[in-house]
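K.L.:
Let chain A serve as the given structure and place chains B, C, D, E and F on it in line with the hints.
Number of protein chains: 6
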Amino acid sequence: MNKKFSHLNAAGGARMVNVGHKPVQRRRAIATGRLICAPATIRALKKKALPKGDVMAVAQVAGIQAAKRTGELVPLCHPLALSHIALSFRIRLSAIDILCTVETHAQTGVEMEALVGASVAALTLYDMCKAVDKKMRIENIRVIEKIKE
Amino acid sequence: MNKKFSHLNAAGGARMVNVGHKPVQRRRAIATGRLICAPATIRALKKKALPKGDVMAVAQVAGIQAAKRTGELVPLCHPLALSHIALSFRIRLSAIDILCTVETHAQTGVEMEALVGASVAALTLYDMCKAVDKKMRIENIRVIEKIKE
Amino acid sequence: MNKKFSHLNAAGGARMVNVGHKPVQRRRAIATGRLICAPATIRALKKKALPKGDVMAVAQVAGIQAAKRTGELVPLCHPLALSHIALSFRIRLSAIDILCTVETHAQTGVEMEALVGASVAALTLYDMCKAVDKKMRIENIRVIEKIKE
Amino acid sequence: MNKKFSHLNAAGGARMVNVGHKPVQRRRAIATGRLICAPATIRALKKKALPKGDVMAVAQVAGIQAAKRTGELVPLCHPLALSHIALSFRIRLSAIDILCTVETHAQTGVEMEALVGASVAALTLYDMCKAVDKKMRIENIRVIEKIKE
Amino acid sequence: MNKKFSHLNAAGGARMVNVGHKPVQRRRAIATGRLICAPATIRALKKKALPKGDVMAVAQVAGIQAAKRTGELVPLCHPLALSHIALSFRIRLSAIDILCTVETHAQTGVEMEALVGASVAALTLYDMCKAVDKKMRIENIRVIEKIKE
Amino acid sequence: MNKKFSHLNAAGGARMVNVGHKPVQRRRAIATGRLICAPATIRALKKKALPKGDVMAVAQVAGIQAAKRTGELVPLCHPLALSHIALSFRIRLSAIDILCTVETHAQTGVEMEALVGASVAALTLYDMCKAVDKKMRIENIRVIEKIKE
Numbered sequence: 001m002n003k004k005f006s007h008l009n010a011a012g013g014a015r016m017v018n019v020g021h022k023p024v025q026r027r028r029a030i031a032t033g034r035l036i037c038a039p040a041t042i043r044a045l046k047k048k049a050l051p052k053g054d055v056m057a058v059a060q061v062a063g064i065q066a067a068k069r070t071g072e073l074v075p076l077c078h079p080l081a082l083s084h085i086a087l088s089f090r091i092r093l094s095a096i097d098i099l100c101t102v103e104t105h106a107q108t109g110v111e112m113e114a115l116v117g118a119s120v121a122a123l124t125l126y127d128m129c130k131a132v133d134k135k136m137r138i139e140n141i142r143v144i145e146k147i148k149e
Numbered sequence: 001m002n003k004k005f006s007h008l009n010a011a012g013g014a015r016m017v018n019v020g021h022k023p024v025q026r027r028r029a030i031a032t033g034r035l036i037c038a039p040a041t042i043r044a045l046k047k048k049a050l051p052k053g054d055v056m057a058v059a060q061v062a063g064i065q066a067a068k069r070t071g072e073l074v075p076l077c078h079p080l081a082l083s084h085i086a087l088s089f090r091i092r093l094s095a096i097d098i099l100c101t102v103e104t105h106a107q108t109g110v111e112m113e114a115l116v117g118a119s120v121a122a123l124t125l126y127d128m129c130k131a132v133d134k135k136m137r138i139e140n141i142r143v144i145e146k147i148k149e
Numbered sequence: 001m002n003k004k005f006s007h008l009n010a011a012g013g014a015r016m017v018n019v020g021h022k023p024v025q026r027r028r029a030i031a032t033g034r035l036i037c038a039p040a041t042i043r044a045l046k047k048k049a050l051p052k053g054d055v056m057a058v059a060q061v062a063g064i065q066a067a068k069r070t071g072e073l074v075p076l077c078h079p080l081a082l083s084h085i086a087l088s089f090r091i092r093l094s095a096i097d098i099l100c101t102v103e104t105h106a107q108t109g110v111e112m113e114a115l116v117g118a119s120v121a122a123l124t125l126y127d128m129c130k131a132v133d134k135k136m137r138i139e140n141i142r143v144i145e146k147i148k149e
Numbered sequence: 001m002n003k004k005f006s007h008l009n010a011a012g013g014a015r016m017v018n019v020g021h022k023p024v025q026r027r028r029a030i031a032t033g034r035l036i037c038a039p040a041t042i043r044a045l046k047k048k049a050l051p052k053g054d055v056m057a058v059a060q061v062a063g064i065q066a067a068k069r070t071g072e073l074v075p076l077c078h079p080l081a082l083s084h085i086a087l088s089f090r091i092r093l094s095a096i097d098i099l100c101t102v103e104t105h106a107q108t109g110v111e112m113e114a115l116v117g118a119s120v121a122a123l124t125l126y127d128m129c130k131a132v133d134k135k136m137r138i139e140n141i142r143v144i145e146k147i148k149e
Numbered sequence: 001m002n003k004k005f006s007h008l009n010a011a012g013g014a015r016m017v018n019v020g021h022k023p024v025q026r027r028r029a030i031a032t033g034r035l036i037c038a039p040a041t042i043r044a045l046k047k048k049a050l051p052k053g054d055v056m057a058v059a060q061v062a063g064i065q066a067a068k069r070t071g072e073l074v075p076l077c078h079p080l081a082l083s084h085i086a087l088s089f090r091i092r093l094s095a096i097d098i099l100c101t102v103e104t105h106a107q108t109g110v111e112m113e114a115l116v117g118a119s120v121a122a123l124t125l126y127d128m129c130k131a132v133d134k135k136m137r138i139e140n141i142r143v144i145e146k147i148k149e
Numbered sequence: 001m002n003k004k005f006s007h008l009n010a011a012g013g014a015r016m017v018n019v020g021h022k023p024v025q026r027r028r029a030i031a032t033g034r035l036i037c038a039p040a041t042i043r044a045l046k047k048k049a050l051p052k053g054d055v056m057a058v059a060q061v062a063g064i065q066a067a068k069r070t071g072e073l074v075p076l077c078h079p080l081a082l083s084h085i086a087l088s089f090r091i092r093l094s095a096i097d098i099l100c101t102v103e104t105h106a107q108t109g110v111e112m113e114a115l116v117g118a119s120v121a122a123l124t125l126y127d128m129c130k131a132v133d134k135k136m137r138i139e140n141i142r143v144i145e146k147i148k149e
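Residue numbers (the working numbering), protein chains in the order written: chain A, 1 to 149; chain B, 1 to 149; chain C, 1 to 149; chain D, 1 to 149; chain E, 1 to 149; chain F, 1 to 149.
Each statement offered as a hint is correct.
No copy labels: a pair is met if it fits in one copy or bridges any two.
Here are the simulated lysine-lysine pairs, BS3-like style, with alpha carbons at most 27 Å apart:
#, residue 1, residue 2
1, LYS134, LYS22
2, LYS134, LYS148
3, LYS135, LYS22
4, LYS135, LYS46
5, LYS134, LYS47
6, LYS46, LYS134
7, LYS134, LYS146
8, LYS47, LYS135
9, LYS148, LYS135
10, LYS135, LYS146
11, LYS148, LYS22
12, LYS146, LYS22
No lab work stands behind these hints: they were computed from the structure.
Only chain A is shown next, with the shape it has when bound in the complex (with noise of 0.2 Å):
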């Protein structure tokens, strides 16, 4: 274990670390995650919602959004042009399984971009789950993929 905490400065100081020297690449990265919930939510989300679509647009959209801003939500995270960002669902028989893709053409990686797009979808649907769902819990939030080329 010699790598080193690439935020921490000598004196254990927080900064972003200085991505200045590195090549610019196209970079992709996939997170997931999962929201746990009872089947008869899962139910009640087929029968009324999922046939207008409406509660996983939101969370898409939601996704999205949270994704662009990642430099403002975690600290230590640079800005970056985002060229693509993709959320996906699948609805399982207690659960909703997130998939979030991201690239981007910078000098630094995209993982926590991913990451917080699966999170904050994840969130939302919580958020509009929560009326008839009292038990739900988030799950296994990680990176699936890092690629660069």
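P.N.:
Showing chains B, C, D, E and F alone in chain A's frame:
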């Protein structure tokens, strides 16, 4: 299951629910979350960063600032004036537990604010440790207390 | 015309008018707007997008989120805690009508919030249709109701 | 009508379109809008406010600041670094015309930025005149030029 | 010196102090600041810009908008609904004095809002004059009045 | 004095200057500021807070986050993607010195970003110490280095 989805109107469209008729009450919510990481990450964190408190302090600030902006992140949440926000952490062998407490004196509750604070603190810890640990994940974001007086 | 410009002080400088002496009242405002587009755009919208509700849902979310941020966009508006925001749409042969309703319990009215919500919903519809229609325009952004109780 | 709705993916969900493959080009867009008001409002504006330039200056600043935040307001817009924004006005007998010019050097155009700048400048003028004129409306928000080099 | 640091909890961590028990009162704060510049800058400003009021108007708007966002900028400040904000200026031979007044009806004071308003107005003046004066500095940002009723 | 005010157009109106023709260069700026406080405040800060690093860490984060948002705070600044931000402090007998370094690879310089970072860090220190010291002031906010390569 005859409770209704409070964010959906008759036609299924999204709206910010009308809380104008609800009483102004003191309300509190507590949410938790957990960042799972390698034991070596925790050891490195303790040796290098915790003596200065910086990693935790950055995550605390990030969680507090995000909780204040919940109404911007979660589309159907009401913008609220919060009277108190606190973030605390417990370091485990291979995880960091996050606890976020939020209070208000308002017409609607603050569980989303507490969930957002815990989530963004976890994401900030992730960001600050990702140079040394590529396999972290965030688990168990949930509300553990919600009261009004 | 002896009413005064409430945002201008004695020297003509801009200020946010003092509403500290005004009573806290329940206030509501409704604003409308219209996106004029080609009939073919409406037909395409109905065939491809409306069954899923997505275009409308995205515009709804955008209008709601923008209304909440009116104090950031219109410099001399007061930041307000809103108790209700709703956006609805009516599809016409060659136009989409937008209706935005906002309520608060505050010392000042919310017509600017309703106008901002309607405007940003219209701009979002424009953005989502501009790939198929280059000649759209937004018309008739105005307040149709403003009450206090 | 076989052009596709670029913001909708195969399943009809919203996404921020991928512009990663498009060339970085110098791009400019100009949008206009009009605030219709009473002749007495224009006369009052000229007598009281225009000599100091304040009403126009506030609207200029509001339009410039809003154009920079287009990616936050219109959900599926890309965040862009803008190289130039200018707002200008023409005072008519019973209207104020607004012209907003935006330039960038990017992979996607800036007509939404120009439309947002013109719209928010118009809303700001509305806000500053609404104490003396209750019947204003905003008309004819549209793009009049869009080029890339 | 037995007053405590109100933002630090028992373990030294940052938190947003709990003001839930404090009475809602009318509160006002006034802060000042000064931009020191060359006499030639003041003369140029008077000749070119002041007749149109633009430089001052832009700084006024910037100060007002920043004061409203104090809770976003200063991490441990509470988000507050402000009832009044005003910025005024006095032109001196080699300086511009800034005065920012803020009022609220809340559970906590607004000196940080007044300080933020004065600071950002000074920074905006700096930005607008920096093309003609490379040696400016900002001095004496402080609170001159803080009252509650 | 024949240099022009770059933010004013021919008619004296405000605009964001066109930097589209300028070369993309690596640019760095360093700004400083000073919070003047009582010696007892410094002693209390050292005894209670500095061992944990929290006060400084909160101010560091606040300065970094504000520098990233310069384009939102200072109306005629361009939004920029920053490649590096660092805040450091020096504790004196009756003052805290703040140093903010910012780098970018862009068409325009970053002295405003450095000034905003230093100012907001100073304001955050003020906020965290104001419970124990009512007579602080912020002095000497200025640029000490500005280079391009």
